[in-house]
Amino acid sequence: MPIIKTTGLSHTYSGGTVFEKAAIEDVDLHIERGEYVGVIGHTGSGKSTLVQHLNGLLKPTDGKVYIDGVDIWAEPKKIRDIRFQVGLVFQYPEYQLFEETVYRDIAFGPKNMGLSEDEVDKQVRQAAAFVGLRDRHMEKSPFELSGGQKRRVAIAGVIAMNPKVLILDEPTAGLDPRGRDKILGEIREYHQQQENTVLLVSHSMEDIARYATKVLVMNKSKVFLYDTVEAVFNHAAEIEQMGLAVPQITKICMGLAERGYPISPNTYTVEDAKRQLTEFLGGKGRGE
Amino acid sequence: MLKDITIGQFFPGDSPIHRLDPRTKIVLTTIYVVMLFAARNPLSLLVGVVFLVVVYPLSRLPLSLVLRSLRPIVPIVLLTAVLNMFFIDGEVKLVEWHFISISQRGVMMAVLMAVRIICLIAGTSLLTYTTSPITLTDGIERLFSPLKKIKVPVHEVAMMMTIALRFIPTLVEETDKIMSAQKARGADMESGGVMQRIRALVPILIPLFVSAFRRADDLALAMECRCYHGGEGRTRMRQMKLGAVDVWGSLLMALCFGGIIAANILGAGMVQL
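One line per chain: the protein sequences are C and B, in this order. Residue 1 is where the first sequence starts when you use this note's numbering, and the numbers rise one by one after that. Residue 1 is where the second sequence starts when you use this note's numbering, and the numbers rise one by one after that.
Because the hints were derived from the structure by calculation, they are not lab data. Please read these numbers as outputs of a predicted model, since none were measured by experiment. You may find that some hints are simply not true.
Residues on chain B that point at chain C, a partial pick, calculated with CB under 7 Å [claimed, not checked]: (1) R185; (2) I206; (3) P207.
Cross-link-like lysine-lysine pairs, in silico, DSS-like; alpha carbons within 30 Å at most [to be verified]: (4) C/K21 / B/K177; (5) B/K149 / C/K77; (6) C/K182 / B/K177.
Ideal Cβ positions, reconstructed from N, Cα and C, are used throughout, including at glycine.
Throw the hints in and build the complete structure from the sequences for me.
Laid out in structure tokens, this is it:
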């Protein structure tokens, strides 16, 4: 049974007025448990609208959303329970911090779940550990921290609810490369240890190629493709036409492969390309 | 949700009313309001109604919109009408039952008051419907600029109004975002008692205030970077100029004003407001 399933999911903003706009149209998705899905698409392609449907923040104008086989809008009063199962980290989540201490801010979600003090404490500490926050941070005010640390506190606030599905909407926007790698590394570690489902919305094909197992490409309010990284990048030309770029290194390798060099066109990371290139150059013998 | 809230609704267009200089519009609207209160009898109120019937089509605003804007004032209109009906005494009684007495004069007054309030709201809404908030504050600034002579900070006040208006949609959007983020963490805003609901606002208000202060800081810095130093010696990109349409507008209003004074005299024998 897929963890996330949508059938005919559509959402129209300002329905019935002149400002009517379809944000997503007829989305059918099957996402299996344990998948790490990269969600990519242009600004305005419906990515954010789609992910906000998965935890019931937006109500579909049409169609259904199933989480773990349950229609989430079957009982609208229980929609809060869905939000604990599907954790959503918004863009620039550091702006949602409000508590006096980091610890209490992270505990906001678990407390809302009605867990006991001990359980809350356990989940908060576990979540903080995942994002690399130390004990000395926990009693500080979140407003004293640096931008990157604030963001990690906000992410921990969602992880602390121990959701079955974790969705992150551009968690690295506005961070420097080191901060970006750190956060993405922590998310990967979380995914591997907890073996739950992660959806990562991103503009960066590099990041998605590096971390995701599946890619969901959104284009003009519709799902253009949902497949493995390799299968998706086989559509490189179409993806580029949409104005999305395949990773630079993939482009180089595709170019090399086209010119007859024994380099796989399905190369997504610099490390992989480096390995192939040294093999090729070494095999040929540089001394000739 | 929050996005449905619109404040100072402005509907862009290119009608003669839209093209009126904001100063003319503000002055004419004020005159119209004074006029409505100067109208003493049904005949002169009718002149006021006719004025709206002539001017509204000129603005090319959809009728449904006009009616929608009147909806929130229905309770006030009804209340005033009912109070007038019961408490104004007259010679001809229509109903007399215990302590309740409704006179013919009372009923007339109730209707006239209702018409007056509706005209008042419809007339002033026309101003906000056809003038963008920014133009409106510009107009106010120019109209009040003589007050600068007696050290009233007219420019600063107008700038503050402009900024406040500009940031309403931004802050609404921000509130929406923060609410969604807290809801995603299981914040419950829809149930519980009064105290619980107030407490549920804390996770929204604190981030909202923090971000409002941050935006204010950023804006102040950005304005200083562009050498903003108050109103002195500042010129405008869009100069306000009075044109033919302003002359016509003023003439129409003068005509209406004359009509009301004439009607006040002519209808001296009617029910007086």
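Going through the hints against the structure:
For B/R185, the suggested interface contact is upheld, since its CB lies about 4 Å from the closest CB of chain C, less than 7 Å. Taking 7 Å as the C-beta cut-off, the interface hint given for B/I206 holds, the closest approach to chain C being about 4 Å. Among the interface hints, the one on B/P207 holds; its C-beta lies about 5 Å from the nearest C-beta in chain C, closer than the 7 Å criterion. Taking the CA atoms of C/K21 and B/K177, the gap is near 19 Å; set against the 30 Å cutoff, the hint holds.
In summary, the hint linking B/K149 to C/K77 is not supported, as the alpha carbons are separated by about 61 Å, beyond the 30 Å threshold. Annotation: proposed proximity of C/K182 to B/K177 holds, straight-line Cα distance about 26 Å (limit 30 Å).
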